[in-house]
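Q: What follows is the residue order along each chain.
2 protein chains.
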Amino acid sequence: METNDIKKPIFENEMLYILKEDSSIPWVKIFPKKECKELSDCDKSIQDILINTMIVAQKAMIDFYNPTKINIAMFGNYLPKLHIHVMARFKNDSHYPEPMWGRKQRESSLNLPSFNDFIQILQEKLK
Amino acid sequence: METNDIKKPIFENEMLYILKEDSSIPWVKIFPKKECKELSDCDKSIQDILINTMIVAQKAMIDFYNPTKINIAMFGNYLPKLHIHVMARFKNDSHYPEPMWGRKQRESSLNLPSFNDFIQILQEKLK
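Protein chains in written order, with our numbering: chain G, 1 to 127; chain X, 1 to 127.
Think of the hints as simulated: they come from the structure by calculation, not from any bench.
No distinction is drawn between identical chains; accordingly, a pair holds when it is met within one copy or between any pair of copies.
Dumping the calculated SDA-like pairs for lysine to any residue here, alpha-carbon to alpha-carbon at most 25 Å:
| id | residue 1 | residue 2 |
| --- | --- | --- |
| 1 | K81 | T68 |
| 2 | K8 | K59 |
| 3 | K59 | E38 |
| 4 | K37 | Y65 |
| 5 | K37 | R103 |
| 6 | K59 | S40 |
| 7 | K91 | Y78 |
| 8 | K81 | P9 |
| 9 | K125 | S45 |
| 10 | K91 | F31 |
| 11 | K127 | D43 |
| 12 | K8 | H83 |
| 13 | K29 | C42 |
| 14 | K34 | D63 |
| 15 | K33 | K125 |
| 16 | K104 | S23 |
| 17 | K91 | F64 |
| 18 | K44 | I121 |
| 19 | K29 | K81 |
| 20 | K29 | I51 |
| 21 | K8 | D48 |
| 22 | K59 | Y78 |
| 23 | K37 | I62 |
| 24 | K81 | Y65 |
| 25 | K34 | V56 |
| 26 | K91 | I62 |
| 27 | K59 | N116 |
Take the sequences, apply the hints, and build the full model.
A: Next comes the structure, spelled out in structure tokens:
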């Protein structure tokens, strides 16, 4: 059964937690526990851990989903609390090649492997 | 006089170069010279230099422009060649709080200090 509780972290440690974004593509968001507005406001040690976690999530998505491209974003315009979006994009997804915030390109129903299996792999890699 | 040659790097060293994006907001793009598709494909040393340069550009924008928020993105869907977008966003810019790839919110004419002065400061910080 796929988890639909997008408020419950799919991973957490002392420094950060990761949420699933409710989307048709594989999409996770990495938040530092010590809130900051911009990445440059965080202590260097937190910056390094966030970026390293982003790279691990990106590699795990590439290995598991073989996506056309990974998309990364740090916006936080609506809620100015730093978080890093990591998205697996596919040439037949709803918005490709536009960003997920751009104009929808098509109706799309991706046939992807289980996100819960991906979570387990990601958790293992982040241990 | 403001530079309008957006193909000429505003900064470069042995590892990377920075281009200006032609936009109504302050927006730069950081490219590694050794091309890669994803950040996770780059050598760790290149990753570190790219992220460090992104942080320096972000801090320089915050100091110089006092923006509402910094936005960062790595997409590369149209041209799968890694580059990092660093954007200074303002609450009265054309798209805020939507990403610059989202729906335009308003006509906007920002009264910002000279981008050429910003370039000089950025160059100095990246030396």
